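Q: Chains as they are written, first to last, in this note's numbering: chain A, 1 to 396; chain B, 1 to 455.
Hints in this document: simulated from the structure, not taken from any laboratory.
You may find that some hints are simply not true.
Which residues of chain A face chain B? A partial, calculated answer using Cβ under 10 Å [stated by the list, open to error]: (1) Asp-97; (2) Leu-179; (3) Leu-208.
A quick note: this is a predicted structure, and the numbers were derived from the prediction, not measured.
All C-beta atoms in this analysis are idealised placements derived from N, C-alpha and C, irrespective of residue type, glycine included.
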Amino acid sequence: MERRQFLKQSTLASSLFFVPNFVKAFENLATTSLGYKRLVIIQLAGGNDGLNTIIPFNNDVYYRNRPTISIKKNEIIKVTDELGFNSNLLPLKKLYDQGHLTIINNVGYPNPNRSHFRSTDIWETASDSNQYLQTGWIGRYLDKYGNKSYNAIETDDSLSLALKGQNINGIATKNPQVLFRTSQDPYFKNVLEHYEDEHLSEHNLGYLYKTMIAAESSAKYIFEKHKTASNKHEYPNNEFANQLKTTSKLINSGIETKVFYSSLGGFDTHARQLNKQSRLLKIYAEGIDAFVSDLKQQGTFNDTLILTFSEFGRRVKQNAANGTDHGAASNVFIIGNKLKTPGFYNDFSGLSNLDGNGDLKYTIDFRSIYATLLGKWLAVDESTILSNNFSRLDFI
Amino acid sequence: MNQQDIQHLYWRAGFGATPSQFNKLSKLDKRQVIDALFQNSSRPSRLEIDTTALEQFTVKSVFKDKSKQREFLKISREKVKEFNTLWVNRLVVTDELLREKMTLFWANLFACRNKNIFYVQHYNNTLRNNALENFGAFVKAISKEPAMLKYLNSNQNRKQKPNENFARELMELFTLGEGNYTEEDIKESARAFTGYSHNFEGKFVLRKFQHDYDFKTFFGHTGQYDGDDIIDIILKQKQCARFICRKIYSFFVNEVVNEDRVEELATVFYEDYNIENLMRHVFMSDWFYSEEHIGSKIKSPIEFLVGITRTVPVKFEKTKDVLKIQKLLGQILLDPPNVAGWKGGKSWIDSNTIMLRLKLPSVILANAKISIKEKGEFEDSFETYYSKKNKFVSVKIDWETFEKQYSNSSFEDLKHQLIVPKLSDGTETYLKALSQNSKRNFCVQLMSLPEYQMC
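Work out the full structure: start from the sequences and follow the hints.
A: Shown next as structure tokens:
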């Protein structure tokens, strides 16, 4: 999609902004018919153990390497002859059965880095492992195809590199109300009212004023939108579910946001992994379940695609503390309606061909997933955002 | 020296000037002011933290016992956080302004992070000790720092299986810049750094069996080079001086780089790679004080935070709060985003950070207890949100010191002392419209202007 077309869609959508509430039902219909596709990205931060998430339950190597932390066969929700879900992912199995889930196995990148920070950096910037980029992939998408901060929203207090572009950044908010109140401080308003154009031409200082003005209007817009929408489904009471709840409200408000970014932390399970990971997977699956049900009830699931990733998987062999150390390739979840390849997108590469550290090797570069999402879902030219050419995949 | 020049110099070489400094320095000429700046920074003061909690750990216990190792790292991580706040506090109270500012500069050039407090502390002091000395010796010291050896995988750089990570960043980010070396140069120089390692205490060790003693060809020279030799050859390239001077110019002078000035600086620097001489040249140059550079730089989060607390002394009651502010503003010391460091300039600013920056002075200096002015349509305001649920910061504010410092300053003086760029007429008019009955309030108002973000 060209910038022009994006602007056109934005103007169309913003004319709907003034539609009275009683015809709001049409609003979703209208944005849907515009094909206002949105991408929700979720990072399982800390390095989720993909092997205990989607379990190769017929693999002896798996059980041999994990004498105390493997998941017992009878506790697994089996879906193929080879693979099954961790039982805490029961709601996800439901999505799987409905054809709303695609699992992509063995996702990673060449020369994997095992530092959380660096590997997160690589996922956020879509760089090579020896390349240092200072803009994120969503940030570059905004640079090319966006025009407002709120075209990409992170449900957090501060903004990740992923959403920082060269000329435009996304905006972060956990609570649109708080963001709005902050931006409405009378002192700021007065200062901005007294600003003069001359400021705006100034290097750097002009940029500060411009950003402040844009922040004020973004905060206002997000808040105004947010308060028109409601949730149609009960959510669990935790931080992660709250993020999704806010995301759903924003989506259902018809806001002109293409990308939402959230995260769930705590997956760095070096010790006593079983309990910790179970609890987190449960939080994840129940949150997603509520989120998808909510979107479905409000007719916005069709135009929402959810990507879940983690900066790396974990070592096949468990450690002495009943946990696992940092690994490499792992699985990625794509959740949406009308997926082209529901179920497993590709085969699990098995455990007999590991790298020098005893970690899974990748067979799918995560940037070809990005290329697919950019090219096929957000309908833009991915080559302007990703440095190399990554071939698109077939899951949508 | 006139007030504007003092202010400019003190913001770029430090974190702003106090009224008493303005007073004292305005009686001196440029050379005297600059001599004093260097004199104050002539000897480094180590930054050290109490590590007795970690004394019980030995090499054996940590390597043999995984649970010991975890315990060690857990305490160590807490210590690194403590060290961060100790560093921030140093910046607030130090008289060794230039050395500390240079340390920040180098910490961003030789960006590195580590979980081991001993390595972190050692690295930090290496940056401080070398901050104004010889660049060549500095780079050699960095190449042997345990934190860096770990960060860029020199530990895994072995004769049989070289790891090029350090060699690549050495040239790309530390000395020459992209495009000024070949892939072959990286391969060959990586071999020279093979076997670089360190022991548990953090002492550099050359592992002889892993070091490649063979011939290497680097920048057209061939020899049985080790890492130091490679660095010496790099220093012979004038591009190295140019690369560092461009970084210096964009950090200390203006992000919009003037290539002629860079060339001028590079010629000075290339002579002996003496950092002090280079910085003297920068600060003595007339062009350093030219109007286009005054107030043209967006303060880094640390410059912003330290600037506020140097003007109004503030004691943070929880180390956690100091870290939180850094995180929300986008710069946690000792925790750069990656080896390329923080990009700086406009990249500090997004919708969230600009709002927080404008709000922070009032939040900190009103002791996070700004009352809800009126009960409106919303339950939460920013202040109550953070004070009720997650109290934003708890601080002790020393307004008395502020008032003593600024007792002879008029409101007009205060404005000139706190704000570097020229205010627009509109903002000027607005400030005049505010009731000027308290210097404290006026100080907070000034610090809440976008202009206060500039230095």
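Q: It remains to establish, for every hint, whether it holds in the given structure.
A: Evaluated hints:
no.: 1; hint: Asp-97; verdict: 39 Å, violated
no.: 2; hint: Leu-179; verdict: 8 Å, holds
no.: 3; hint: Leu-208; verdict: 4 Å, holds
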